[in-house]
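Visitor: As a plain string of letters, each chain reads:
There are 2 protein chains.
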Amino acid sequence: MNLLRGLEGNGEEGRGGSVSGGGVSSVSVSGGSVSGVSENEPSPTVGIGMDCSIIPVKRREDLFIVQTTDFFYPIIDDPYKMGRIACANVVSDLYAVGVSHIDSMHMIVGVCTKMTPEESGVCTELLMKGFKDAVKEAESVLTGGDTRINPWCTIGGVATSVCKISEFIMPIHAEVGDVLVLTKALGTQMACKAITLIDDQVLWPKILHVAPEEVIRKGYEMAINSMMRLNKTAAKLMHLFNTHACTDVTGYGILGHAENLAKYQKNPVTFSIHNLPVINKMAAVAKVCGNLRLLEGRAPETSGGLLICIPKRQGEAFCKELERQEGIQAWIIGLVEKGDRTAKLIEKPRIIDVSG
Amino acid sequence: MNLLRGLEGNGEEGRGGSVSGGGVSSVSVSGGSVSGVSENEPSPTVGIGMDCSIIPVKRREDLFIVQTTDFFYPIIDDPYKMGRIACANVVSDLYAVGVSHIDSMHMIVGVCTKMTPEESGVCTELLMKGFKDAVKEAESVLTGGDTRINPWCTIGGVATSVCKISEFIMPIHAEVGDVLVLTKALGTQMACKAITLIDDQVLWPKILHVAPEEVIRKGYEMAINSMMRLNKTAAKLMHLFNTHACTDVTGYGILGHAENLAKYQKNPVTFSIHNLPVINKMAAVAKVCGNLRLLEGRAPETSGGLLICIPKRQGEAFCKELERQEGIQAWIIGLVEKGDRTAKLIEKPRIIDVSG
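Protein chains in written order, with numbering that gives the first Met the number 0: chain A, 0 to 355; chain B, 0 to 355.
Source of the hints: derived by calculation from the structure; they are not laboratory data. Please note that a few of the clues may not be correct.
The list that follows gives simulated cross-link-like pairs (lysine-lysine, BS3-like), each with its CA atoms no further than 27 angstroms apart [unchecked claim]: (1) B:K286 to B:K347; (2) A:K163 to B:K163; (3) B:K131 to A:K262; (4) B:K57 to A:K163; (5) B:K57 to A:K131; (6) A:K57 to B:K347; (7) A:K128 to B:K131; (8) A:K80 to A:K163; (9) A:K57 to B:K286; (10) A:K131 to B:K262; (11) A:K235 to B:K262; (12) A:K57 to B:K135.
Non-contacting residues of chain A with respect to chain B, defined by C-beta distances greater than 10 angstroms in every case (computed) [said to hold, decoys possible]: (13) H100; (14) L196; (15) V201.
Cβ-Cβ distance ranges computed for the label pairs, FRET-style [said to hold, decoys possible]: (16) B:W203 to A:W203: 43 to 51 angstroms; (17) A:R312 to B:E124: 43 to 51 angstroms; (18) B:V175 to A:E138: 41 to 49 angstroms; (19) A:D77 to B:D77: 52 to 60 angstroms; (20) A:E117 to B:R349: 40 to 48 angstroms; (21) A:D77 to B:K135: 38 to 46 angstroms; (22) A:E212 to B:K135: 54 to 62 angstroms; (23) B:V287 to A:T195: 29 to 37 angstroms; (24) A:D77 to B:V175: 49 to 57 angstroms; (25) A:R312 to B:S165: 45 to 53 angstroms; (26) A:E320 to B:D339: 40 to 48 angstroms; (27) B:E124 to A:R58: 31 to 39 angstroms; (28) A:E60 to B:H273: 47 to 55 angstroms; (29) B:R59 to A:K135: 17 to 25 angstroms.
Being a predicted model, the structure only gives us computed values, none of them experimental. Each residue gets a CB set at the ideal place from its N, CA and C atoms; glycine is no exception.
Work out the full structure: start from the sequences and follow the hints.
Guide: Here it is, written out as structure tokens:
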């Protein structure tokens with residue numbers, strides 16, 4: 000099924016990228032809501048551009064609504080898998096603050112007007128089925144949503160959790176000496192793009208020069224499996240391993256999200272990224288395709304991993320335990336140093352080719 | 000600003016109508032979630048197609064998340080007012096179950112790719128400003144959202160409230176002898192459409208035959224003011240006047256929503272609609288335009304009023320108090336009779352021309 004056809008004639012980046020950032024989250028302080036990050040101690044505060052909103056429930060001072068809204072245009076041609084990916088991407092915003100119990104989800108669907116009614120019907124049904132199956136995997140319930148026709152096929156949703164303060168982790172406590180852990184390999188969008196270049200007479204031969212077709216196909220499968228995978232286990236483990244701060248990696252790339260997270264730290268720290276775990280050969284493929292952003296840490300990811308600030312020993316234990324539970328690797332990719340709340344990628348980062 | 004231009008080439012109905020209904024709400028019973036309407040007593044249950052989802056908070060049995068997600072394409076050319084209307088339409092779903100404290104709102108924005116970047120920038124800013132101003136009027140806070148480019152300009156959002164069971168009214172307790180109250184006049188979409196027919200050489204002369212241009216313009220203003228008006232006061236009053244059931248009137252028209260509400264009643268009742276309050280002359284305009292749906296109770300409304308089942312005396316007092324507080328009329332439009340959970344419009348309903 001040609002799920003991507005409805006998007007023809009529009010640049011890839013514009014479609015998938017968020018115009019004003021991942022959110023327009025205001026900053027909330029217990030009992031009220033203010034703009035800008037509070038200088039005072041009272042938590043929780045969540046800053047503009049962070050992954051989700053955390054606001055106190057009126058008349059219930061011990062409870063907070065942790066919530067995110069996100070919608071996407073397809074980046075792969077399989078509607079069922081795309082539905083799962085969309086849901087994984089939505090819930091990831093809550094997982095990023097350590098919330099693993101999601102009380103309620105809504106679904107946002109745009110039924111593509113550029114397909115035939117038959118195609119559009121099948122496609123929408125599969126998108127919704129994928130989304131719903133991922134809701135189940137997240138142990139949540141789909142309780143509402145909205146569906147309309149739209150020129151571009153659209154899938155997304157809302158995830159909501161009502162939490163006590165002990166149930167989420169404010170992403171503002173990174174300390175000098177922490178390590179940066181990343182729970183999924185980078186290069187998801189590159190891997191999805193590469194497979195579509197098979198008919199490109201200029202780029203495909205260049206790609207074959209750095210990776211055989213079989214590797215491209217395997218990278219594509221890896222990317223899809225990675226994007227469908229929930230960050231749920233990682234979110235649960237965060238509570239066991241003294242996590243100081245966390246975000247998830249999506250539209251701004253690893254460095255963009257690191258910068259964003261750094262901005263909100265209470266301590267004067269800098270995040271220094273040394274290693275880039277990338278889906279096997281995708282760093283080389285990106286290079287020959289003239290796409291430098293992946294190696295600059297700026298390539299957008301879809302449903303990427305969590306980027307976690309955590310004390311060194313705890314970080315090692317976290318990676319080990321995540322691998323034990325999920326059978327999939329996580330990496331220590333950098334260090335938290337003294338600094339001015341920025342993030343940087345070292346000049347020659349080590350590219351880790353990840354295959355499976 | 001030609002906000003509607005981005006929508007050209009697409010039927011009016013398809014754009015604004017919800018494909019699979021107002022929601023895909025599942026039915027929730029305290030402590031769990033099941034499909035279909037429960038035959039048993041335990042409340043709350045909210046059925047598929049009802050206005051919002053009501054689900055219990057995990058590990059907090061006394062609390063419920065009341066929530067709705069809705070998005071729209073513009074039906075008028077003024078982006079600021081359209082933003083206000085969109086927000087009023089979103090929050091209306093919560094007001095329909097008597098929830099007047101809205102803890103948190105998210106905003107969903109599609110930035111139109113069919114306008115020039117300048118137009119699109121101005122338009123998006125005004126849409127968002129309108130939406131935000133209405134969030135303030137609703138005494139809520141905007142805490143997040145998502146913005147992407149899209150061929151069609153889009154505005155909508157998510158409204159969430161965490162409530163005790165006493166703070167919402169399950170819409171399932173209509174009783175024989177209740178009256179049906181409607182809090183806004185019908186014909187909003189017709190009034191918005193009529194003004195666009197000024198250059199139509201066939202329809203405009205017919206329209207002028209039943210209403211002078213001044214009346215059409217006034218009807219358009221009335222429709223906009225009505226759509227921007229929140230159902231908040233009505234929602235608060237519902238708690239004071241022993242409301243048995245309520246829904247809000249939007250895409251399915253007054254009769255469609257009455258049918259939907261009737262379906263979920265515990266008692267074997269039928270809703271019988273006798274009066275149709277319609278924006279001045281719009282019933283006649285609809286007729287000469289060949290649009291019979293308004294007189295059949297099937298014309299879609301945008302940000303319509305609440306349709307309330309309430310004991311007769313209480314209904315009269317409700318209307319009086321709403322008029323006292325808001326300076327705007329509400330009407331008793333029908334009766335709750337013994338029946339089979341359906342709704343009907345009597346053969347010759349009385350059309351009430353409403354002007355201001």
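Visitor: Give a verdict on every hint.
Guide: The hints, checked one at a time:
1. Distance hint between K286 (chain B) and K347 (chain B) is fulfilled; the C-alpha atoms sit about 14 angstroms from each other, no more than 27 angstroms.
2. Proposed proximity of K163 (chain A) and K163 (chain B) is supported: the alpha carbons are some 17 angstroms apart, at most 27 angstroms.
3. As the CA atoms of K131 (chain B) and K262 (chain A) are separated by approximately 26 angstroms, the hinted pair is consistent with the 27 angstroms bound.
4. Of the supplied pair hints, the one linking K57 (chain B) and K163 (chain A) holds, its CA atoms being roughly 11 angstroms apart against a limit of 27 angstroms.
5. Simply put, K57 (chain B) and K131 (chain A) have alpha-carbon atoms about 19 angstroms apart, close enough for the 27 angstroms limit, and the pair holds.
6. The suggested pairing of K57 (chain A) with K347 (chain B) is violated, with an alpha-carbon distance near 47 angstroms, which exceeds 27 angstroms.
7. The hinted pair formed by K128 (chain A) and K131 (chain B) fails the criterion: a straight-line CA distance of about 33 angstroms is larger than 27 angstroms.
8. Among the hinted pairs, K80 (chain A) with K163 (chain A) is inconsistent with the structure: their alpha-carbon atoms are about 33 angstroms apart, more than 27 angstroms.
9. Simply put, K57 (chain A) and K286 (chain B) have alpha-carbon atoms about 48 angstroms apart, too far for the 27 angstroms limit, and the pair is violated.
10. A C-alpha spacing of about 26 angstroms is found between K131 (chain A) and K262 (chain B), which places the hinted pair at or below 27 angstroms, so the restraint holds.
11. A threshold of 27 angstroms between alpha carbons decides the hint, and for K235 (chain A) with K262 (chain B) the separation of about 42 angstroms lies outside it, so the pair is violated.
12. A threshold of 27 angstroms between alpha carbons decides the hint, and for K57 (chain A) with K135 (chain B) the separation of about 15 angstroms falls inside it, so the pair holds.
13. Under the 10 angstroms C-beta cut-off, the non-interface status given to H100 (chain A) relative to chain B is violated; the minimum distance is some 5 angstroms.
14. Every Cβ of chain B is farther than 10 angstroms from the Cβ of L196 (chain A); the closest lies at roughly 24 angstroms, confirming the non-interface assignment.
15. At the 10 angstroms boundary, the C-beta of V201 (chain A) stays outside the reach of chain B, the nearest C-beta of that chain being 28 angstroms off.
16. Look at W203 (chain B) against W203 (chain A): about 58 angstroms separates their beta carbons, and that is not inside 43 to 51 angstroms.
17. For R312 (chain A) and E124 (chain B), the Cβ-Cβ distance of about 49 angstroms falls inside the hinted range of 43 to 51 angstroms, so the restraint holds.
18. Range check, V175 (chain B) to E138 (chain A): about 43 angstroms between beta-carbon atoms, so the 41 to 49 angstroms window is met.
19. Between D77 (chain A) and D77 (chain B) the beta carbons are some 41 angstroms apart, a value that contradicts the proposed interval 52 to 60 angstroms.
20. E117 (chain A) and R349 (chain B) have their C-beta atoms about 45 angstroms apart, which keeps the hinted 40 to 48 angstroms range intact.
21. Taken as a hint, the range 38 to 46 angstroms holds for the pair D77 (chain A) and K135 (chain B), whose Cβ atoms sit roughly 43 angstroms apart.
22. Taking the beta carbon of each, E212 (chain A) and K135 (chain B) are about 56 angstroms apart, inside 54 to 62 angstroms as hinted.
23. Range check, V287 (chain B) to T195 (chain A): Cβ separation about 53 angstroms, and the 29 to 37 angstroms hint is violated.
24. Remark: the range hint 49 to 57 angstroms for D77 (chain A) to V175 (chain B) is upheld by a beta-carbon distance near 53 angstroms.
25. Hint check: R312 (chain A) to S165 (chain B), Cβ distance near 50 angstroms, so the stated range 45 to 53 angstroms holds.
26. Our hint of 40 to 48 angstroms for E320 (chain A) and D339 (chain B) is violated, since their Cβ atoms are close to 59 angstroms apart.
27. About 34 angstroms separates the C-beta atoms of E124 (chain B) and R58 (chain A), a value consistent with the hinted range of 31 to 39 angstroms.
28. A hinted range of 47 to 55 angstroms holds for the C-beta pair E60 (chain A) and H273 (chain B), which are about 48 angstroms apart.
29. R59 (chain B) and K135 (chain A) have their C-beta atoms about 22 angstroms apart, which keeps the hinted 17 to 25 angstroms range intact.
Against the hints set out earlier in the document, violations occur for numbers 6, 7, 8, 9, 11, 13, 16, 19, 23, 26.
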